[in-house]
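There are 2 protein chains.
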Amino acid sequence: MEKRTEIKELGEFGLIDRITRNFDIKNPSTRIGVGDDAAAIECGNEYLLLSADMMNEGVHFDLTYTPLQHLGYKAISINVSDIAAMNGVPQQVVVSLGLSNRFSVEAVEMLYSGVKAACEDFNVDLVGGDTTSSASGLIISVTVTGRVDRDRIALRSKAEKGDIVCATGDLGAAYIGLQVLEREKQVFLANPEMQPDLEKYPYIAGRQLKPKARTDIIHELAELNVKPNAMIDISDGLASELHHLSKQSNVGFFIYEDKLPIDKQTYDTAVEFNIDPITCVMNGGEDYELLFTIRQDDFERLKNHPDIHFIGYATEKEKGVNLVTKNKNVYPVKAQGWDHFNEKEKGK
Amino acid sequence: MEKRTEIKELGEFGLIDRITRNFDIKNPSTRIGVGDDAAAIECGNEYLLLSADMMNEGVHFDLTYTPLQHLGYKAISINVSDIAAMNGVPQQVVVSLGLSNRFSVEAVEMLYSGVKAACEDFNVDLVGGDTTSSASGLIISVTVTGRVDRDRIALRSKAEKGDIVCATGDLGAAYIGLQVLEREKQVFLANPEMQPDLEKYPYIAGRQLKPKARTDIIHELAELNVKPNAMIDISDGLASELHHLSKQSNVGFFIYEDKLPIDKQTYDTAVEFNIDPITCVMNGGEDYELLFTIRQDDFERLKNHPDIHFIGYATEKEKGVNLVTKNKNVYPVKAQGWDHFNEKEKGK
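Quick mapping for you: the protein sequence lines, in order, are chains A and B.
Anchor point for the first sequence: position 209 equals 209 in the working numbering, and the numbering is continuous, going up by one each time.
Add 1000 to the 1-based position in the second sequence for the working numbering, that's all there is to it.
One chain only, chain A, in its complex shape:
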């Protein structure tokens, strides 16, 4: 019998490593290939950045509680986030749709009104794609381009020992927002006359349904003349992203629990759900904030920024990735993030 290895045994990143390891780069225009938030291609004096993300119904979204406009917005936003994570500015998107016959023209128009709103917010042009049918459910596959000056590109591999670790916005909200949406769905399924109780949770529900890529931060870093050493967007959870930076930059990290940015609604709702709020921050996915490291010399220029938080520092690789609790205990951080191939592990 032929060998059968389940994909969840390897996980998403293990699978990508395995299937791409035999590929080589043949074109001199290819400067960065697989392994960062986006690829980088020579384009005159700049780099053109290229990244793709696919969202599938029943895996990445549930149309029971996801408005199509928000979904269209999110599909663009999460792609733009990968361009921001390279310190780049987004420019074009191509959107490929797979539609089952459940979807009407009006439904696709709703979806595209969200795509359009995102294109306007992020100043990107819709330049193409593919519109086709699917045997079941909705598929949204987006590719985004961006630009970055050659000397300003931020890679996952360039963090250095002594760098200060920065995170934007707040973390964990999208994950706990998802818990609320799922709970209200169950309440509705059990009793369709119950109204969903979302008014109490506008911020966290919005963070899940309509995240906003942090292109604002990229413009501000340029204005403040700060170039991050390494950068990544927080899509799979802070813990997972720290491990990517650690692995690719050959550094370790100390992260301080009392420096982690968490919104009050996230905190209160986590407590309500009996989930440790720090678990939401460390392992909850889909925040689409930015995680980056800066040289200590750049701290002065950023220290008054209201939405950039200094959560720790980079150290020797051998020390690993660590969380320093409020009680000064030090725990190794596991790489556990959102893995679509093994959803059961999520949030544990």
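Honestly, I wouldn't trust all of these hints.
[Stated by the list, open to error] Some residues of chain A that are not near chain B, with every Cβ distance over 12 Å (derived):
1. 200
2. 206
3. 225
4. 333
[As the list claims (entries may be wrong)] Partial list, computed: chain B residues near chain A (C-beta under 7 Å):
5. 1007
6. 1019
7. 1034
8. 1039
9. 1054
10. 1129
11. 1132
12. 1330
No wet-lab data here; the hints were simulated from the structure.
Note that the structure is a prediction, hence the values are computed from the model and not measured.
Backbone N, C-alpha and C fix where the C-beta goes; we use that ideal spot for every residue, glycine too.
Following the hints, complete the assembly by docking chain B onto the known chain A.
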């Protein structure tokens, strides 16, 4: 009740027109947006080309008779074909996969061995993508980049009255190949002990399962110093592509039945299936040959090319798109091509 318009009422192209008409172009780097085989973006002294195609299990392929290696090859090839259709040279691809838990790591490796073979044949680099799960079946979404000199880009909109219409290779083979594959599948389902009878049809089965984009033609046109006025790849059938050129260039066409390139195996198999061979040529999809127009002055330079066929000429728009039969009768050509949203019409 809300209005519900079925997508098949509009068809793929009507839907694309409807959902993209409110989008505007904001970035000066965007030179060609939605509406051609690929978008064109300024990139130093050249244009960077960008195109995407999605293939969904149960719609675009049937794994009962499609080897995964061939499918991986085809996913790249059909995207590269869109770059060729702009007179460009492909350079990079990003590949996003949706995988249900039916697929093992070994299956994905098979698929990627085909992706790799295509990357080598077409000299393109795999630079990224997304690997995620799907609720059902296999989804392959590819975006390809390419390059073209600014003065050599070939658009759908630049055919001129008097141009000679050229088609590469031969047409209709992929469509009739699909009929054979479908028939053998039914035979197998009825009696699993029957062996599929594909040895008789190697060429047409191969044209369906593993089409090869005509990047060779692009290099030869450059060597012969011929720039097509207008170009498109033949993915939805010759009739449909002629109508795209007609609409976007404001010209009509006369196409001669006796000039249409058809392989003997295609012809014989069409007869065996009781299908008019010319219907296969005109309306069968997935040939991935190139359809282009040239100035009459360029005919001399191409006339001895063994794989470029001169099938008609462009005329005034008012005359429409016409087929001149062997008996010199003239029939208007309907735009009927492959439409995933209305498969029943296919091939009629």
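Going down the list of hints, with the structure as the test:
For residue 200 of chain A, the non-interface assignment is confirmed: its Cβ lies about 29 Å from the closest Cβ of chain B, beyond the 12 Å cut-off. Distance to chain B confirms residue 206 of chain A as a non-interface residue, since its nearest Cβ pair spans about 24 Å, more than 12 Å. Remark: the non-interface label on residue 225 of chain A is consistent with the geometry, its nearest Cβ contact in chain B lying 24 Å away (cut-off 12 Å). Under the 12 Å C-beta cut-off, the non-interface status given to residue 333 of chain A relative to chain B holds; the minimum distance is some 24 Å.
Given hint, residue 1007 of chain B at the interface with chain A, holds; its Cβ is 6 Å from that chain's nearest Cβ, closer than 7 Å. Interface restraint check: residue 1019 of chain B against chain A, minimum CB-CB distance 4 Å, threshold 7 Å, status holds. For residue 1034 of chain B, the interface hint holds, the least distance from its beta-carbon to any beta-carbon of chain A being 5 Å, beneath 7 Å. The restraint placing residue 1039 of chain B at the interface with chain A holds, with a minimum CB-CB distance near 4 Å, inside the 7 Å limit.
For residue 1054 of chain B, the shortest C-beta to C-beta distance to chain A is roughly 4 Å, which falls under 7 Å, so the interface hint holds. A cut of 7 Å between beta carbons decides the hint on residue 1129 of chain B: the least distance to chain A is about 5 Å, and the hint holds. Taken as an interface hint, residue 1132 of chain B checks out: its beta carbon lies about 5 Å from the nearest beta carbon of chain A, inside 7 Å. Of the supplied interface hints, the one on residue 1330 of chain B is violated, with its beta-carbon coming no nearer than about 34 Å to a beta-carbon of chain A, more than 7 Å.
Violated hint for the displayed structure: number 12, the only one.
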